[in-house]
Amino acid sequence: MTISLSKALVIDKLEVVFDRFRALRGVSLDVMPGESFGLVGESGSGKSTLLRAVAGLAPTTGGSITVNGKLLGKSRTKAFYREVQMVFQDPYGSLHPRQTVDRLLLEPLAVHGFTDIEKRILRALDEVGLGASFRFRYSHQLSGGQRQRVAIARALILEPSILLLDEPTSALDASVQAEVLNLLEQIRRDRKLTFLMVSHDLAVVTHMCDRLMVMQNGAEVERLSAADLAARKVTQAYTRNLLVASDGFVRPDIPAV
Amino acid sequence: MSTLLTVKDLRVQFPTRTGVVDAVRGVSFTLGRERLGIVGESGSGKSQTGRAIMGLTPPHAKITAETLNFDGIDLLKVSAAERRSLRGNRIAMILQDPKYSLNPVMSIGRQIVETLRTHERVSRSEARKRALDMLAAVQIRDPERVYDLHPHEVSGGMGQRAMIAMMLITGPELLIADEPTSALDVTVQLDVLAILDNLVRDRGMGLIFISHDLRLVSSFCDRVIVMYAGHIVEEIAARDLHNAKHSYTQGLLNCMPKIGADTHPLPILDRKPEWAA
Ligand SMILES: Nc1ncnc2c1ncn2[C@@H]1O[C@H](COP(=O)(O)OP(=O)(O)OP(=O)(O)O)[C@@H](O)[C@H]1O
Ligand SMILES: Nc1ncnc2c1ncn2[C@@H]1O[C@H](COP(=O)(O)OP(=O)(O)OP(=O)(O)O)[C@@H](O)[C@H]1O
Ligand SMILES: [Mg+2]
Ligand SMILES: [Mg+2]
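Just so you know, the sequences run in chain order A and B.
Quick note: the first sequence uses UniProt numbering, first residue 1, plus one each step.
Quick note: the second sequence uses UniProt numbering, first residue 1, plus one each step.
Where hints are given, some of them may not hold.
[As the list claims (entries may be wrong)] Using 27 Å as the maximum straight-line C-alpha spacing, the simulated DSS-like pairs for lysine-lysine come out as follows:
id: 1; chain 1: B; residue 1: K62; chain 2: A; residue 2: K192
id: 2; chain 1: A; residue 1: K74; chain 2: A; residue 2: K13
id: 3; chain 1: A; residue 1: K74; chain 2: A; residue 2: K119
id: 4; chain 1: B; residue 1: K258; chain 2: A; residue 2: K233
id: 5; chain 1: A; residue 1: K70; chain 2: A; residue 2: K119
id: 6; chain 1: A; residue 1: K192; chain 2: A; residue 2: K7
Just so you know, these hints were derived from the structure itself, not from any lab.
It should be emphasised that the depicted structure is a prediction, and the values quoted were computed from it without experimental measurement.
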């Protein structure tokens, strides 16, 4: 286990079962500190479940998860959430609509007993490009992109070293997506963060990640570098299908009736 | 091509404490039995345009239009009951937020069955079979399992497909699809588009396809409307989208990451005040 000491995240033969349904079937991966690792694959293949398992939100039945050299048990400690934070898939559901931005950012700070709250909230807002004027808005008064920035600010405010990002931009339009992706890259560089990021958009994943894993039906299809994916050096038919599908819709040649 | 829908100078306004929000500001277009794309940034009025046609604008908002006509029916004049019946039978909308639009305390299968049974007199077992077939058609693996799951037990993309199944099971003549595939992986996305494409081609359905995925819209739709700040800045044949003239449309195209292109940071949109004019 000496190797895993130098890794930010090691997932080994992870199993997750809901009722009798095996959502993860022995998935393994490892991420180096400061690396950005991507997960792509079929809808329902277990990508969100994998992130949720790391965050302690899915019922694991086998395998292990090691974070910064520490093997995780069944429950997560407060200290864990200072190291690992998650940005959820659904920007509409993940923030309580009737809470102000201030409340949303204050809560994790209060839970973890921070005292320099004022300073941290202002810095977090500034970091995600939202001015102090957003501080007392309710989340239902924000656009989708602004909400996602708040979700990222909330994840960053405890200064974690690992960020789990579940489709951080799939609900955003192209212009806001570019802003959020640039923001994430800059923060990763400045803070030497490690990313584990889900996206179904291969262009987003190759833009953001060094390596990635393709998943289908709760298991790995293949693991490859983003450069190999971009160069279409893939070994599995499913990955090739994803690449072809990424080129857009092709209308079948059927004469009109 | 026969016209199914005519929209002329549609306006939607929300009175708020700090003044009036002009969500839609004079939108005009016609729709035949074709695929019309609507693109544009967050907050540009795409969903509110769709909702106004559907009759789902919040009651405190003000809607005006010179014409809002569906197949000879003046949508601004019909009674609430008629509007409801149109909505159930002839016009359907796949809402942007599947997790909000699905009933959290009812299983996916029952929701589809209830939708079907409010439109058609079918037996329980027939309804169940058709719901399962529809789930299979939208590429849900193991429809029998998913039929009994509640919305919080399905993945993002499965919830979205459940919503699509629910809207298609009644066979609408006009379908407004608001970001219907944003949570789907690219192969399932194309399968769902193929279903919509068949409905347009074989059954003559009219489709309004709202999406921020310009690549998808340009390959799938016939025409595209580009919206900015509540109005239309450009209308263009979908296949010509990459040659768009308006600087806003070009800007949107430029900020998308492309496989193999290594541009860091991505270009961002430099918004011009004249776009909103
Ligand atoms: N609470 C739950 N109860 C039962 N099944 C669940 C639950 N949560 C997830 N699942 C199942 O686990 C599988 C994987 O779901 P997951 O959300 O991880 O998929 P995903 O890869 O993130 O898909 P998407 O791209 O659509 O978001 C799905 O079949 C889903 O129905
Ligand atoms: N209930 C409301 N009260 C006040 N303003 C509203 C309300 N609902 C919507 N709006 C405003 O109307 C405008 C258009 O919203 P709409 O939902 O149509 O945008 P959209 O183009 O669909 O954006 P997105 O891509 O984020 O879904 C936005 O500025 C929004 O803030
Ligand atoms: Mg998911
Ligand atoms: Mg919308």
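Indices of hints not satisfied (ascending): Hints 1, 3 and 5 not satisfied by this model.
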